[in-house]
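Asker: Based on the provided sequences and hints, a complete structural model is requested.
Protein chains: 2
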Amino acid sequence: MSAYDGELVDKIVDALEGAIRNGELLPGKRISELALASTLGVSRGPLREAIRKLEARRLFERTAFHGIRLVDLSIEDLEQLLIVREVLEGAAARAAAENISDKDLKELKRFSDEGVRRKQALTFAPKTPQYGFHHLIARASKNRWLEEMLCKDLYGLLRAYRYSSIDFAHRAKEAREEHHEIVKAIAQHDGDLAEVLMRKHNRNGRINFIKRLKADVAGERETSLRPIFRRNRVSRKPT
Amino acid sequence: MSAYDGELVDKIVDALEGAIRNGELLPGKRISELALASTLGVSRGPLREAIRKLEARRLFERTAFHGIRLVDLSIEDLEQLLIVREVLEGAAARAAAENISDKDLKELKRFSDEGVRRKQALTFAPKTPQYGFHHLIARASKNRWLEEMLCKDLYGLLRAYRYSSIDFAHRAKEAREEHHEIVKAIAQHDGDLAEVLMRKHNRNGRINFIKRLKADVAGERETSLRPIFRRNRVSRKPT
DNA sequence: CTGACATATATTGTATACAGTGTGTCATTA
DNA sequence: TAATGACACACTGTATACAATATATGTCAG
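As you go down the protein sequences, you meet chains A and B in turn. So for the first sequence, this note's numbering puts the first residue at 6; every next one is plus one. So for the second sequence, this note's numbering puts the first residue at 6; every next one is plus one.
No lab work stands behind these hints: they were computed from the structure. A portion of the hints provided could be inaccurate.
The list makes no distinction among identical chains, and a pair is therefore deemed to hold if it is satisfied within one copy or across any two copies.
Unchecked claim - Here are the simulated lysine-lysine pairs, DSS-like style, with alpha carbons at most 27 Å apart:
hint: 1; residue 1: Lys216; residue 2: Lys147
hint: 2; residue 1: Lys108; residue 2: Lys219
hint: 3; residue 1: Lys219; residue 2: Lys147
hint: 4; residue 1: Lys216; residue 2: Lys108
hint: 5; residue 1: Lys178; residue 2: Lys216
hint: 6; residue 1: Lys219; residue 2: Lys16
Answerer: Put into structure tokens, the structure is as follows:
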């Protein structure tokens, strides 16, 4: 505690997001401030402030005198969220087509040419968000709100529910082709086309994903998105 | 302090939003926590939590050891924000066309038929947000995220910058007709058409507004959106 | 007079303590 | 077994203390 290295609140936010990603926090499960604070090794003050931020981003829900809980999305919630993603990314693709810099375009091309089969091709790479296809486009839009809404709020929310590019794995070839088409439209600075293609791409992924999800749920017994991937429950500390 | 009537943090958030609306807080002006706390008559703890929430909604900006400030948008920022609004409301119109209930449709029709020339026709009526045309459609979308992003985050942000339906006043007839067309499309459950019309409507308003704004700025001396309407600086208390 | 450096002050960041309040649980009782 | 009440627990609100930092101020050398 000698040198000041950024606001503790932000580190707590990061730690909580990491904990969500790693499955250390379970959706719907109540947790007390004090327990969480001692787990993270911080005091209540900064923790509460961090929770308020995440609450505003709809990652946590609070009920007074009761506790904090990670939001638990239904399939319908996720579907609606993906609809929002669809139009926002459509707008991002349009803006990118209009505003992308040569440097960003080069990176985008390189990425979509060769990078697509690497792990980083995942839409929401855990620690390298700047390399995802969709992140690149959001950034290239040069629209501050679009980028923040997508990269910070929306992707964070999706990540909280283990929504990764699971659809990508199941239709990798189509997705790759769609990515290519989108990049081409952006390179041609054709905003209309870029938006249409991006929306179609997202729509395909959404429909595919929801269908698979519903089938999974019907075949098993859970309604939550929780058990899609792995989970554990180790606590972690910041710094 | 005897009876518990809701979380203080939420009341502070409301109070701050009200202060923003009333021009009691000026964009860009730094203010200290302690001063704000004593003005509001609360302690630093809840105030900080409230600030964190508003920070997540991008209404406030903080710099460590320096202070809180209401964000100060440039014209470009506002233009980009209106682009986001455009696609989100387009999606809302589409969803509304697909999901609207008969009751909501009736209200929407009644509103667009007769209510449009009343004060409540303002897109962001200060105290009756549920009656605005765009609010009605956002609600009718039955999409939780869409409604919250629009009504809570985006409209709140626009309101902070005194962006009201100033464009509406300057093209009331066109806007009224556009509203009518949109309602008609929704009534016919034509999602495609509803989205196209809503986007066009917003686009018209945006272009008109930005043009006027730039002309205003060129003719005067301010770059901030602040002086568009009135302002004062009376402090206020919650409860 | 100007610039760099050191100190002072104000403000923020964090931790802890305590009183008040609501909720859920559990035992008691009809 | 179901309803009622008491209790424990968790959370809320607030205050205070101290540490860390940035800005402002002032001093001194050139």
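Asker: Tell me the hint numbers this structure goes against, listed in increasing order.
Answerer: As far as the earlier hints go, 2, 4 and 6 are violated by this structure, in ascending order.
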